[in-house]
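*Asks:* For the protein sequence lines, the chains are A and B, in the order given. Each residue of the first sequence is one higher than the one before, counting from 1 in our numbering. Each residue of the second sequence is one higher than the one before, counting from 1 in our numbering.
Since the hints were derived computationally from the structure, they do not count as laboratory data. Positions of the beta carbon are idealized from the N, C-alpha and C atoms, including for glycine. There could be a bad hint or two in this list.
Heads up, simulated DSS-like pairs for lysine-lysine below, C-alpha to C-alpha not over 30 Å straight-line [unchecked claim]:
hint: 1; chain 1: B; residue 1: LYS235; chain 2: A; residue 2: LYS117
hint: 2; chain 1: A; residue 1: LYS258; chain 2: A; residue 2: LYS117
hint: 3; chain 1: A; residue 1: LYS258; chain 2: A; residue 2: LYS298
hint: 4; chain 1: B; residue 1: LYS235; chain 2: A; residue 2: LYS298
hint: 5; chain 1: A; residue 1: LYS258; chain 2: A; residue 2: LYS64
hint: 6; chain 1: A; residue 1: LYS298; chain 2: A; residue 2: LYS117
Which residues of chain A face chain B? A few of them, derived with a C-beta cut under 7 Å, are [to be verified]:
hint: 7; residue: THR195
hint: 8; residue: GLU310
hint: 9; residue: VAL311
hint: 10; residue: ILE397
hint: 11; residue: SER451
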Amino acid sequence: MKASGAKERSYDVAVVGAGVVGAAIARELSRFDLRTVVLEAADDVGTGTTKANTAIRHTGFDAKPGSLEATLLRRAYPLLEDYAARVGIPVETTGALVVAWDAEQLGRLDALAARAKENGCGDVHPVTVDELYAAEPHLGPGALGGLAVPGEGIMCPFTTPLAFATEAVANGVRLELSSPVESVEHLGDEHVLVTPRGAIRARWVVNAAGLHSDTLDRMTGHDGFTVRPRRGQLIVFDKLARRLVSSILLPVPTPVSKGVLVAPTVFGNVLLGPTAEDLDDRSATETTHEGLSDLRAKGRVVLPELLEEEVTATYAGLRAATEHADYQIACDPAARYVRAGGIRSTGLSASMGIAAYVVDLLADAGLELAPAATHHEVHMPPIGESQLRPFRDPRAIAGDPAYGEIVCHCERVTRGELRDALAAPLPARSAEGLRRRTRAGLGRCQGFYCSATIAAMLAGTAADRGGPERTGSGGVPVTGARIR
Amino acid sequence: MTDDASPGPGSQPGPSPAEVRRVDVLVVGGGPSGLAAAVELRRAGASVAVVEREAALGGIPRHTAHTGYGLRDLHRVLSGPTYAARYASLAERAGVDLCVSTSAVEWSGEGDVVTTSPTGMARWAARAVLLATGCRERPRTARLVPGDRPEGVLTTGSLQQRTELFGLPVGERAVVVGAEHVSFSAVHTLRRHGVSVAAVVTDLPRSQTYAALRAATAARVPLHTASEVAAIRGKGRVRAVEVRHRPTGARETIPCDTVVFTGDWVPDHELARRRPLAFAGPHPRVDQALRTSRRGVFACGNLVHAAEPADVCALGGRHAARSVLGYLETGAWPEDGVDLLAAAPLAWVHPARLTSTSERPARGRLLTRVRQFTGAGTLTLVQAGRVLHAEGRRGLVPNRSIPLAAGALETVELDAGPVELVWRGAGPAKMAP
Chain A
1 MKASGAKERS YDVAVVGAGV VGAAIARELS RFDLRTVVLE AADDVGTGTT
51 KANTAIRHTG FDAKPGSLEA TLLRRAYPLL EDYAARVGIP VETTGALVVA
101 WDAEQLGRLD ALAARAKENG CGDVHPVTVD ELYAAEPHLG PGALGGLAVP
151 GEGIMCPFTT PLAFATEAVA NGVRLELSSP VESVEHLGDE HVLVTPRGAI
201 RARWVVNAAG LHSDTLDRMT GHDGFTVRPR RGQLIVFDKL ARRLVSSILL
251 PVPTPVSKGV LVAPTVFGNV LLGPTAEDLD DRSATETTHE GLSDLRAKGR
301 VVLPELLEEE VTATYAGLRA ATEHADYQIA CDPAARYVRA GGIRSTGLSA
351 SMGIAAYVVD LLADAGLELA PAATHHEVHM PPIGESQLRP FRDPRAIAGD
401 PAYGEIVCHC ERVTRGELRD ALAAPLPARS AEGLRRRTRA GLGRCQGFYC
451 SATIAAMLAG TAADRGGPER TGSGGVPVTG ARIR
Chain B
1 MTDDASPGPG SQPGPSPAEV RRVDVLVVGG GPSGLAAAVE LRRAGASVAV
51 VEREAALGGI PRHTAHTGYG LRDLHRVLSG PTYAARYASL AERAGVDLCV
101 STSAVEWSGE GDVVTTSPTG MARWAARAVL LATGCRERPR TARLVPGDRP
151 EGVLTTGSLQ QRTELFGLPV GERAVVVGAE HVSFSAVHTL RRHGVSVAAV
201 VTDLPRSQTY AALRAATAAR VPLHTASEVA AIRGKGRVRA VEVRHRPTGA
251 RETIPCDTVV FTGDWVPDHE LARRRPLAFA GPHPRVDQAL RTSRRGVFAC
301 GNLVHAAEPA DVCALGGRHA ARSVLGYLET GAWPEDGVDL LAAAPLAWVH
351 PARLTSTSER PARGRLLTRV RQFTGAGTLT LVQAGRVLHA EGRRGLVPNR
401 SIPLAAGALE TVELDAGPVE LVWRGAGPAK MAP
């Protein structure tokens, strides 16, 4: 049975967490005849680990063969390929080059290539120094050789969870924002999830709580792992730097870390990072002088000219690392509980594989999965460089002049796109929400020209709503993300 | 810096607009320099269009409410908005084709420009292009200021647009980063709108503005010199800044809900960077007649000297107009010339090239900037070891306009290699007052 109305408080499945993993699971569940709710602590989807990462689309070529991570990355790859094209998620398969800078790293390339083959990435192949510099003429001096990984790419970390969540909501999933789970109790055969905005009952609980997944794990009477947040600081360079690099430039990974990479972004910037700092504080998303200096020193080796360009953003994210190397995904059928935690750094790429696997686990454990009678797909607004943006689309402008009025000049975001994002099924409720949905204000001027206009639009929208909206609403097909 | 062959953001090319609009001159940017140039060009009989990406003409002065505009070009003293409106009306009356909310989204590097506006996309074919895209303040991110990423981090530009154009609230207690003229304009705006200013922070050893301006705007506001913002703190909204005194390393946490990063101007040079224009430091390289490295392409205003006051920009626009008219008439485009280089501690010199010894730069002056405070000394123009000109100064102040008589450029030899502008100090640096 689908949820009968907004007041429904009893569900078949409660997914805790609306990061990319939780949103992907919710979307997967929305294909079935189930009452599903998503509880998210923040006031928007994808605001935790999901929003602050390297936005790489990993093939899993370097994952531990046979691990859940390797398996699910491989499972996700074609799923995402297909989904991104249908829904309009910016993805570019740029390929990656693993660059060896010393003899020790060079010596490890063969083993890495062998591992890639084991992981099903048969197209990974060695490249000579000459080939490296031919492919990347701005690469710093001193590279000794490398591996090409043709399947690696870049993707939009903002559109992806929004697309999943929008599709879920369009198909009857209830999204409760600003609803951190404070405790879990049991009533008959139901879990009672207590949030500051009320209690929600659900027969099954799926833990996709990211950085807080271990806390929720304990609340449900389990003790599977402990999250040790690993901070990654990143620097984003101006679009004028994009000419300097065509593929992702990876270091030779160590068992501890994938290291600091240089990569284009789907928005046409260049990204440098991340650092890897093990922390105790799960809210320590600040950048530091030391972290940024360290990144700049490493970036100078890989792509010296990059450092001459202006920086348009610095940010930090926390990966949900645990004492285990692999993902922590498991089902406790007796407790009607699935945990999907410890998704350390490849969650964006693996999310669709993780979702499919979690639904498999639920089915195996006895959750009845009957396909829903109807299913709506969504179409997301084009915000990637590889897409036709409204400002460059005479037909869009002819149909609606607001698509010809550029408000954010650096990112070329039009009034029409901002208006749509404020009125979308999952609307932007803050300047940050607008930035993630449209890119407005994320360019080189950081709002020198547009932030006042955007603040005025937000204030107008809040006034129209009678204050900032707090709850998620069921699938109301409007503009922005279109539901078909 | 090198060119970029990609067309720019949103690079997936859409269908090309069919309509071609032909003009003698297309001016990109409707601030003081672009409008002043357009008026001059139109009065001389050229057909001129101005494309301005904002919804209103006038550029930065639109939202600077203080007075002091118009002295050198209009011979009166006006507020920023009045000054902006005056130029818009002059351009309208002159018969300039004025296109607001119109962005140049593609440029061939010559006379071919594609624009986007609410009325659609258009392709322009111009005999000459004048870039007058201005400048902006360097934001927090580009200054690599670490810490959290809360709301409440502004520039003077975004602050003054909020207060002057939209009447939006700002905050209650602000820290202003920078101590140049514009920084005190920000202080003035904040206090006028009921925001207390907890501190002005500059990494330089003292304020760079006039004592009178500082006294008038920032009386009793603590000035933290030789200090930097070491971190911004706050989730959601700014809670405090950590200020670090560079010589001692001492840190102080200043509670505030707003941080305004001021000055440290960056020319808005995207169009020039996307096409192969030669650069001199941060600016597209222009000669004394404001010609760029590309035939038929001129540049003026704060795109080529970030940042000078609006009236200096407007006079530069008029100067560019005269050069453009000469080009339209004769088609002459000098290729040979010598570069003008600024030696440290000077940051840049404008113009950065000399292609004729008979043409004078705008206002008959060179403009330069210095990176640090200096004691007394001499600004010296040197070519191949030969001193062309020397002007004594009691000391140079960073972030302040430093003009220099350009008469000596007549004696430059156009085949004798670059001309250098050199600062020669005399004795120890003047102490802080």
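*Asks:* For each hint, tell me whether it holds in the structure or not.
*Replies:* Checked hints:
no.	hint	in the structure
1	B:LYS235 / A:LYS117	violated (44 Å)
2	A:LYS258 / A:LYS117	holds (18 Å)
3	A:LYS258 / A:LYS298	holds (14 Å)
4	B:LYS235 / A:LYS298	holds (29 Å)
5	A:LYS258 / A:LYS64	holds (12 Å)
6	A:LYS298 / A:LYS117	holds (29 Å)
7	THR195	violated (20 Å)
8	GLU310	holds (5 Å)
9	VAL311	holds (5 Å)
10	ILE397	holds (5 Å)
11	SER451	holds (4 Å)
The structure fails to meet hints 1, 7 from the earlier list, while all remaining hints are met.
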